[in-house]
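Chemist: Spelled out, the chains give:
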Amino acid sequence: MTTLLPDAPLAPAASLTRPRRRLGRVARVTIILAVVALAVIIVSLWMGTVSVSLWDTLRAAVGIDTGTGADFIVGQLRAPRVYTAALVGALLAASGALMQSIARNPLASPDLLGISSGAAAGAVLCIYLTQNTSSLALAPWAVLGAMVAAALVIVLGSRGSIEPFRLIIAGIGIEFVATAATTLILTKIPDNIVPQAYAWIVGSTNARTWEHVWMGAASCLVILPIGLFMVRRLRVLEMGDDLAAGLGLRPGRLRFVALVIAAIAAGLAAALVGPIAFIALVAPAIARRITRSPGITVAASALMGAILTVAADLAARELLGSIQLPVGLYTSLIGGPYLIYLIVRSKGQFQ
Amino acid sequence: MSSAVPATEATPNTESRLAAEGVTLAYGDARVVHEVSLEIPPASVTAIVGPNGCGKSTLLRGLARLHSPASGTVLLDGKDIHERSSKDVARELGILPQSPIAPGGITVRDLVGRGRTPHLKALRPWQDSDTRAVNDALKATGLTGLAERSVDSLSGGQRQRAWIALALAQQTELLLLDEPTTFLDIAHQYEVLDLVHGLAADGRTIVVVLHDLAQAARYADHLVLMSAGLILARGNPNDVLTADRVRAAFGLPVTVVSDPITGTPLIVPTGAPAGRSIPTKEIPA
Numbered sequence: 069m070t071t072l073l074p075d076a077p078l079a080p081a082a083s084l085t086r087p088r089r090r091l092g093r094v095a096r097v098t099i100i101l102a103v104v105a106l107a108v109i110i111v112s113l114w115m116g117t118v119s120v121s122l123w124d125t126l127r128a129a130v131g132i133d134t135g136t137g138a139d140f141i142v143g144q145l146r147a148p149r150v151y152t153a154a155l156v157g158a159l160l161a162a163s164g165a166l167m168q169s170i171a172r173n174p175l176a177s178p179d180l181l182g183i184s185s186g187a188a189a190g191a192v193l194c195i196y197l198t199q200n201t202s203s204l205a206l207a208p209w210a211v212l213g214a215m216v217a218a219a220l221v222i223v224l225g226s227r228g229s230i231e232p233f234r235l236i237i238a239g240i241g242i243e244f245v246a247t248a249a250t251t252l253i254l255t256k257i258p259d260n261i262v263p264q265a266y267a268w269i270v271g272s273t274n275a276r277t278w279e280h281v282w283m284g285a286a287s288c289l290v291i292l293p294i295g296l297f298m299v300r301r302l303r304v305l306e307m308g309d310d311l312a313a314g315l316g317l318r319p320g321r322l323r324f325v326a327l328v329i330a331a332i333a334a335g336l337a338a339a340l341v342g343p344i345a346f347i348a349l350v351a352p353a354i355a356r357r358i359t360r361s362p363g364i365t366v367a368a369s370a371l372m373g374a375i376l377t378v379a380a381d382l383a384a385r386e387l388l389g390s391i392q393l394p395v396g397l398y399t400s401l402i403g404g405p406y407l408i409y410l411i412v413r414s415k416g417q418f419q
Numbered sequence: 013m014s015s016a017v018p019a020t021e022a023t024p025n026t027e028s029r030l031a032a033e034g035v036t037l038a039y040g041d042a043r044v045v046h047e048v049s050l051e052i053p054p055a056s057v058t059a060i061v062g063p064n065g066c067g068k069s070t071l072l073r074g075l076a077r078l079h080s081p082a083s084g085t086v087l088l089d090g091k092d093i094h095e096r097s098s099k100d101v102a103r104e105l106g107i108l109p110q111s112p113i114a115p116g117g118i119t120v121r122d123l124v125g126r127g128r129t130p131h132l133k134a135l136r137p138w139q140d141s142d143t144r145a146v147n148d149a150l151k152a153t154g155l156t157g158l159a160e161r162s163v164d165s166l167s168g169g170q171r172q173r174a175w176i177a178l179a180l181a182q183q184t185e186l187l188l189l190d191e192p193t194t195f196l197d198i199a200h201q202y203e204v205l206d207l208v209h210g211l212a213a214d215g216r217t218i219v220v221v222l223h224d225l226a227q228a229a230r231y232a233d234h235l236v237l238m239s240a241g242l243i244l245a246r247g248n249p250n251d252v253l254t255a256d257r258v259r260a261a262f263g264l265p266v267t268v269v270s271d272p273i274t275g276t277p278l279i280v281p282t283g284a285p286a287g288r289s290i291p292t293k294e295i296p297a
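If you read the sequences in order, they're chains A and B.
Using our numbering, the letters of the first sequence map in sequence onto residues 69 to 419.
Using our numbering, the letters of the second sequence map in sequence onto residues 13 to 297.
Just chain A, with the same shape it has in the complex (with noise of 0.2 Å):
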């Protein structure tokens, strides 16, 4: 990245010679996210052990009435499990973004804050008090739980306001406690829920209903335009607070709601299908890089989300024939590898 003489006029060539554009790369970039990611949810609700003619999954997925096994197999089984995927890859994918803005590290995250664990560590509480395992009973204690654990972390990571680096110190200790915590209530759980409560220390899409599309997309239709909304002002705190506040932001405060509503998103995503590691990582990290975006981007973030969580559920579903994985294992596999990829291209370049 260096250039040895930083006055050489042919230095790169590509960026000196490309004129202006109508369409910036950015938007022209998630127009093509948004196909791939409708592509691949059509993918996913085709593919499986029956199989069902592409004219009747299309229909029985937006709810027409087929009269063939298609109304079952794809309107009852799959569309529920393939939307709720979409839509809490992009939930999470948002939440990655806002805490990778204002933490200026791209290696915030709700999972490696420990936000997710705390969302993890309110819903395995409520199963514990309440032997009740239904996502719609569980959403409130997980966004409760993320909300806590959020809470500490501002706390801790703030003096006067929220300081970046204090808050990733922060987000790993917060991590590490919330974790204990959900391994402690799991050990105290009645044997007969254990199965189903021990979905929350792996995420998993398995068995998904309406019930949960609902709540996943009245989730994004709250969570994605006030994330949309805060991105021309994020971008601006991401260059620096001073300058910020200098051009007329409040960046303390501006900080504090990207971070609830992030923390909000990751609550909410828990709630769904349990802690998915790594989309939030990884999906806003891809989309930077794909759109060469100066700065948080928020759209791109979550279709990047929803076609990497709908991927992983397809494989989970049908890479191993009949055994059934939990996709929160796939996505670690994928998002593993990459942490570490991200930290061995860059090293020297974290500040």
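Just to be clear, a hint being listed does not mean it is correct.
Computed, partial: chain A to chain B, Cβ under 10 Å [what the hints assert, rightly or not]:
no., residue
1, VAL304
2, GLY308
3, ASP309
4, ASP310
5, ALA313
6, LEU317
Here are the computed distance ranges between Cβ atoms for each label pair [unchecked claim]:
no., chain 1, residue 1, chain 2, residue 2, range
7, B, THR85, A, SER202, 52 to 62 Å
8, B, LYS133, A, LEU106, 26 to 36 Å
9, B, LEU135, A, ARG360, 27 to 37 Å
Think of the hints as simulated: they come from the structure by calculation, not from any bench.
Here the structure is a predicted model, which means the values were calculated and not measured.
Where is the CB? At the ideal position from N, CA and C, for every residue including glycine.
Let chain A serve as the given structure and place chain B on it in line with the hints.
Modeler: For chain B alone, coordinates are given in the frame of chain A:
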């Protein structure tokens, strides 16, 4: 715009818009600036100089509403700057802080465009007037031809000009710059200083924190010498920079000679590097 030799007397024809009245600035319990009062003369360059840790950058941040005074008030147009909203102030006063972060891959035009932030609202998106402000800022900083280049690919001097262009796009009459020449080689330092001087000549009020005393003396209409959180002296650079004052502020024995080009004060240390003899005849009286 880029006259190498600045005019020594700027005639302020309007009233001062920015002033500090008995301002004390502190980080926690550590007081950095002690009850400083200062009026910023309009349409000219005011340079703040002083040793490391003397509170010059803190004072600048205080003047820009980035740091709330522990006591005293900063007045913008006669009103307490902290009684006005951050956005309101940002339309009147621009500040370029030390080491802002350029987002990876951002173009010069995008970077400068972010200076329009205080003028944008949720329901008032980007307009032609914003594009015009950006184009004017690019032109004033000589960056029009580099507008579509990535900021990463610019030289240090060009990059600093891009940051100044961002502040210019903000379209404020008051412009505060915190050490804009740091990390630049000598040619780029003068490139930036010439630009700053030109801005004042166009009627802007500039406050700039500088490290190099000779440069400050050369380019400032008004010099503020700080030491240990206090203003030691202020006024015309020729009057402010005496050998005694510089020694008092920096603890360095110096003699002051006249800059052969501009006639402004030039600070020369009288101590010799260890082990080298001093040819005494060359020290001016």
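Chemist: I want to verify a distance hint. Is the separation of the beta carbons of LEU135(B) and ARG360(A) within 27 to 37 Å?
Modeler: Holds - the Cβ-Cβ distance for LEU135(B) and ARG360(A), about 29 Å, lies within 27 to 37 Å.
Chemist: Tell me if the beta carbons of THR85(B) and SER202(A) are separated by a distance inside 52 to 62 Å.
Modeler: holds (58 Å)
Chemist: Is the hint on GLY308(A) kept, meaning its closest Cβ partner in chain B is under 10 Å away?
Modeler: holds (5 Å)
Chemist: With chain B as the partner, please determine if ASP309(A) meets the hint condition of a C-beta pair closer than 10 Å.
Modeler: holds (8 Å)
Chemist: So, VAL304(A) near chain B? Judge it on the closest CB pair being under 10 Å.
Modeler: Hint holds; VAL304(A) Cβ to chain B Cβ min 5 Å, cut 10 Å.
Chemist: Hint check: is the beta carbon of ASP310(A) less than 10 Å from a beta carbon of chain B?
Modeler: This hint holds: ASP310(A) lies near chain B, its Cβ roughly 4 Å from the closest one there, short of 10 Å.
Chemist: Taking 10 Å as the limit, does the beta-carbon of LEU317(A) come near enough to a beta-carbon in chain B?
Modeler: holds (7 Å)
Chemist: Return holds or violated for the Cβ distance of LYS133(B) and LEU106(A) against the range 26 to 36 Å.
Modeler: holds (33 Å)
Chemist: Identify whether the interface hint at ALA313(A) stands, where standing means a beta carbon of chain B within less than 10 Å of its own.
Modeler: Holds. Min distance 5 Å.
Of the hints listed earlier, there is not a single one the structure fails to meet.
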